[in-house]
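The sequence shown: position 128 = 128 (this note's numbering), numbered continuously.
Do not rely on the hints blindly, as some may be mistaken.
List of simulated lysine-lysine pairs, PhoX-like, C-alpha gap at most 25 Å [as the list claims (entries may be wrong)]:
| # | residue 1 | residue 2 |
| --- | --- | --- |
| 1 | K23 | K5 |
| 2 | K194 | K555 |
| 3 | K14 | K335 |
| 4 | K559 | K520 |
| 5 | K559 | K642 |
| 6 | K297 | K143 |
| 7 | K559 | K646 |
| 8 | K138 | K157 |
| 9 | K699 | K682 |
| 10 | K179 | K143 |
| 11 | K478 | K646 |
| 12 | K738 | K194 |
| 13 | K290 | K182 |
| 14 | K720 | K498 |
| 15 | K297 | K179 |
| 16 | K440 | K216 |
Derived DEER-like restraints, expressed as beta-carbon distance ranges [what the hints assert, rightly or not]:
| # | residue 1 | residue 2 | range |
| --- | --- | --- | --- |
| 17 | S643 | M733 | 33 to 43 Å |
| 18 | A285 | N197 | 19 to 29 Å |
| 19 | D494 | F112 | 46 to 56 Å |
| 20 | K720 | R356 | 26 to 36 Å |
| 21 | E250 | F112 | 42 to 52 Å |
In short, the hints are calculated from the structure, not lab data. Note that CB positions come from ideal geometry on N, CA and C, so glycine has one too.
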Amino acid sequence: MQVKKVEYLDVLTKTGEKTGISKPRGDVHRDGDYHRAVHVWIFSESTQELLLQLRVDCGLWDISSAGHVSAGESSLISAMRELQEELGITLPKDGFELIFVSIQERTYKGTFNNEYDDVYLVTTTDPIPLEAFTLESKVSAVKYMSFEEYRRVLAQKDPDYLPLANDEYGQQLFTIIEKRYKENTETRSLTIEKQLNRYASISLSAELTGLTAADKEALSLLVKAAAIMDKIFYQQVWYSNPSLRDWLNEHADKSQLDKLKWMYYVINKSPWSSLDENEAFLTTADSAVKLPPNATKPVSGWNGLEYRTAFPILKPPGASFYPPDMDKMEFNLWKDSLPEDQQKEAMGFFNVIRRRSESFLENMISHKMENGTSSLHDLYVVPYSQEYYSLLSEGATLLRSAGDLTSSTSLKRLLYGKAGAFLSNDYYDSDIAWMELDSKLDVTIGPYETYEDALFGYKATFEAFIGVRDDEATAQVKLFGDHLQVLEKNLPMDNIYKSENVTAAPIRVIQLLYNAGDVKGPQTVAFNLPNDERIVKDRGASMVMLKNVSEAKFKLILKPIADVCIMEEQRELADFESFFTHTICHECCHGIGPHTITLPDEQKSTVRLELQELHSSIEEAKADIVGLWALRFLMDKDLLPKSLDKSIYVSFLAGCFRSVRFGLEEAHGKGQALQFNYLFEKGAFILRPDETLAVDFEKVEDSVASLSREILTIQARGDKEAARTLLQKYGVMTPPLKRALKKLEIVQVPVDIIPDFPIANQILRGAN
Numbered sequence: 001m002q003v004k005k006v007e008y009l010d011v012l013t014k015t016g017e018k019t020g021i022s023k024p025r026g027d028v029h030r031d032g033d034y035h036r037a038v039h040v041w042i043f044s045e046s047t048q049e050l051l052l053q054l055r056v057d058c059g060l061w062d063i064s065s066a067g068h069v070s071a072g073e074s075s076l077i078s079a080m081r082e083l084q085e086e087l088g089i090t091l092p093k094d095g096f097e098l099i100f101v102s103i104q105e106r107t108y109k110g111t112f113n114n115e116y117d118d119v120y121l122v123t124t125t126d127p128i129p130l131e132a133f134t135l136e137s138k139v140s141a142v143k144y145m146s147f148e149e150y151r152r153v154l155a156q157k158d159p160d161y162l163p164l165a166n167d168e169y170g171q172q173l174f175t176i177i178e179k180r181y182k183e184n185t186e187t188r189s190l191t192i193e194k195q196l197n198r199y200a201s202i203s204l205s206a207e208l209t210g211l212t213a214a215d216k217e218a219l220s221l222l223v224k225a226a227a228i229m230d231k232i233f234y235q236q237v238w239y240s241n242p243s244l245r246d247w248l249n250e251h252a253d254k255s256q257l258d259k260l261k262w263m264y265y266v267i268n269k270s271p272w273s274s275l276d277e278n279e280a281f282l283t284t285a286d287s288a289v290k291l292p293p294n295a296t297k298p299v300s301g302w303n304g305l306e307y308r309t310a311f312p313i314l315k316p317p318g319a320s321f322y323p324p325d326m327d328k329m330e331f332n333l334w335k336d337s338l339p340e341d342q343q344k345e346a347m348g349f350f351n352v353i354r355r356r357s358e359s360f361l362e363n364m365i366s367h368k369m370e371n372g373t374s375s376l377h378d379l380y381v382v383p384y385s386q387e388y389y390s391l392l393s394e395g396a397t398l399l400r401s402a403g404d405l406t407s408s409t410s411l412k413r414l415l416y417g418k419a420g421a422f423l424s425n426d427y428y429d430s431d432i433a434w435m436e437l438d439s440k441l442d443v444t445i446g447p448y449e450t451y452e453d454a455l456f457g458y459k460a461t462f463e464a465f466i467g468v469r470d471d472e473a474t475a476q477v478k479l480f481g482d483h484l485q486v487l488e489k490n491l492p493m494d495n496i497y498k499s500e501n502v503t504a505a506p507i508r509v510i511q512l513l514y515n516a517g518d519v520k521g522p523q524t525v526a527f528n529l530p531n532d533e534r535i536v537k538d539r540g541a542s543m544v545m546l547k548n549v550s551e552a553k554f555k556l557i558l559k560p561i562a563d564v565c566i567m568e569e570q571r572e573l574a575d576f577e578s579f580f581t582h583t584i585c586h587e588c589c590h591g592i593g594p595h596t597i598t599l600p601d602e603q604k605s606t607v608r609l610e611l612q613e614l615h616s617s618i619e620e621a622k623a624d625i626v627g628l629w630a631l632r633f634l635m636d637k638d639l640l641p642k643s644l645d646k647s648i649y650v651s652f653l654a655g656c657f658r659s660v661r662f663g664l665e666e667a668h669g670k671g672q673a674l675q676f677n678y679l680f681e682k683g684a685f686i687l688r689p690d691e692t693l694a695v696d697f698e699k700v701e702d703s704v705a706s707l708s709r710e711i712l713t714i715q716a717r718g719d720k721e722a723a724r725t726l727l728q729k730y731g732v733m734t735p736p737l738k739r740a741l742k743k744l745e746i747v748q749v750p751v752d753i754i755p756d757f758p759i760a761n762q763i764l765r766g767a768n
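Could you put the whole structure together from the sequences, leaning on the hints where they help?
Okay, here's the thing in structure tokens:
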């Protein structure tokens, strides 16, 4: 006699995270444990119909496909498996769109069903022929019904249809479909056009006469290598993002709306708008259509199942660095089970986290664990050198060829080193080479910033900046690097937290020729790298200032903001010299203050590891406010002209509104809101009767020092809760900020720039 296998379920916390415990399914329902299930709806675009299945157990029409998430499985894997088992449909993960999560809390005949339902939508262009389905024994039939008719029969409580989990569930499902397919094309075009108008286009170029003939040849190869960083970044944002990009590009000429969608997508490099708290401006209905072979059994006269590549409505906090259905609890349980060296690797910059079960299922091997085995070891590490091998190999070849051409010893060392790092996944030596670069042709290329990893802030995105060094401006900013240790020694925080070995940060000022990769939405005016704490501790950091980008932003954005938002008597104090000088000091101040820290239990750690997803916003606020403090300090030491005395504060105030307009989901925007609201509360910034703002020069200096001390101390202690409290209190959109932003919207001051790179564009057009 065959013994029936017992199905185990993962027990969740009341908030839906894995506990690391699994129990038999019957025990879970007996004890009222929270657990997870998946619901998959198949929707046909052309007929506006949902697929329903007739269940054998109750004889009622229900969801297209559904089932529990077994212990050892993830939500997405379960959705893929249930669809294959119940209906005979085999689709890859990019066919499944998580549209919402519903919570069921029910009691029935002495058992409890406390269930988190992950609700997925599979969007097909046309109905799947009924004869193409292979029905499991518990499904007696399937049929299509218009979503409006289905909504009506559910509202009437038709006894032939199984009710949905709750009213909110149905409302969410039908509202998403209705909004997606009923919205007026003209209205949508106007909305995207308005979003586009927040950006001002500007051509950015540079004088190439200072480059040798060999460096000009190398420049062509470097631009092509930078364009490869773009391709990698698209993958890092979301796994179906490259197919969305190609689809939008191919269809951009079909209509005015299609053109607008493509134009705004190019700015954001994803379907989520950077200036709107990452709200989606596209839906899966706008995405690429795929026709996978063998998705169902063949039907005569039918070409096969065409589906839309999916992306979620809410931008995934883990981007494509982690499995899309992995939560922080699951990661931490898995990480903590690893040896120490492997734990560091899991939290490292240069790898992604994947699921073994996903690769099993995508190879059509069912992977259903029924013996209560923990799911902790379903996760594993894949280095970037493996994940993006083909693109990195191509990039490495271009870098080596450029290295062969250049006569600059330091640039040659950088390019060879970075080419090797692409394939070895060890970036330490190449980052040192980048810090020591002394070349007219300036190159930054590789994985650096971690903003896209909003889950932990661990994983780095690929980017590239190619420019020509501005020798005169570079000589002028040497002052800041020379006084970094002095600034560290005098920071407004307890001496116990200060470092005795801050290395002067080399500063390079360049005229930008091209950027690529993680340069979406708002454009950076400077960057301070590397982010590797080992290098920061041993060698400090280096910074690059993009002078032509700064000039463009001041002219097109900051000066018009000052004219609208700043009190008339202080308006002229907002000047480019103060704006650019603070930008330099901001980047310098990334290199001072706490990095490697000692926790209260005497354990060594880093600020980034302790603050996790809060690190980026706190660090940007630190660099900003400590940069303002540092300018005052350097003026008091007669190292900067006293003429900056008032203008640095007024320029900073105008800059607050510029950064907050990026949105509070963006690290710079949230960090800037924190600073503005804190200084406003302290009376350093004053709201005038005419709703303009002014600086109180009597209060601003002490307020800047006070906030600097608070942020630096939070970092030094690795105090994540204090960081969260500070951001929750001050990193919000307050009435004074809202009023200022509304005024800027009315007069249509641009939020940021869209750079055009004529030299690089000519190179890339020639390559194509």
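Hint-by-hint comparison with the structure:
1. K23 <-> K5: Status holds; Cα separation ~13 Å.
2. K194 <-> K555: With a Cα-Cα distance of about 21 Å, the restraint between K194 and K555 holds, given a limit of 25 Å.
3. K14 <-> K335: Holds, at roughly 22 Å.
4. K559 <-> K520: With Cα atoms ~23 Å apart, K559 and K520 stay inside 25 Å; holds.
5. K559 <-> K642: 22 Å, holds
6. K297 <-> K143: Between K297 and K143 the Cα gap is close to 17 Å, so the pair holds against 25 Å.
7. K559 <-> K646: With a Cα-Cα distance of about 16 Å, the restraint between K559 and K646 holds, given a limit of 25 Å.
8. K138 <-> K157: Answer holds: K138 to K157 is near 23 Å, not above 25 Å.
9. K699 <-> K682: 8 Å, holds
10. K179 <-> K143: Holds - the C-alpha atoms of K143 and K179 are around 24 Å apart, at most 25 Å.
11. K478 <-> K646: 23 Å, holds
12. K738 <-> K194: The given pair, whose Cα atoms are some 18 Å apart, holds under the 25 Å limit.
13. K290 <-> K182: OK: K290 and K182 at ~23 Å, within 25 Å.
14. K720 <-> K498: Holds: K720 and K498 sit about 20 Å apart, inside 25 Å.
15. K297 <-> K179: 33 Å, violated
16. K440 <-> K216: 11 Å, holds
17. S643 <-> M733: 33 to 43 Å: 34 Å, holds
18. A285 <-> N197: 19 to 29 Å: 24 Å, holds
19. D494 <-> F112: 46 to 56 Å: Check passed, 52 Å falls within 46 to 56 Å.
20. K720 <-> R356: 26 to 36 Å: 31 Å, holds
21. E250 <-> F112: 42 to 52 Å: 51 Å, holds
The structure fails hint 15 only (numbered hints given earlier).
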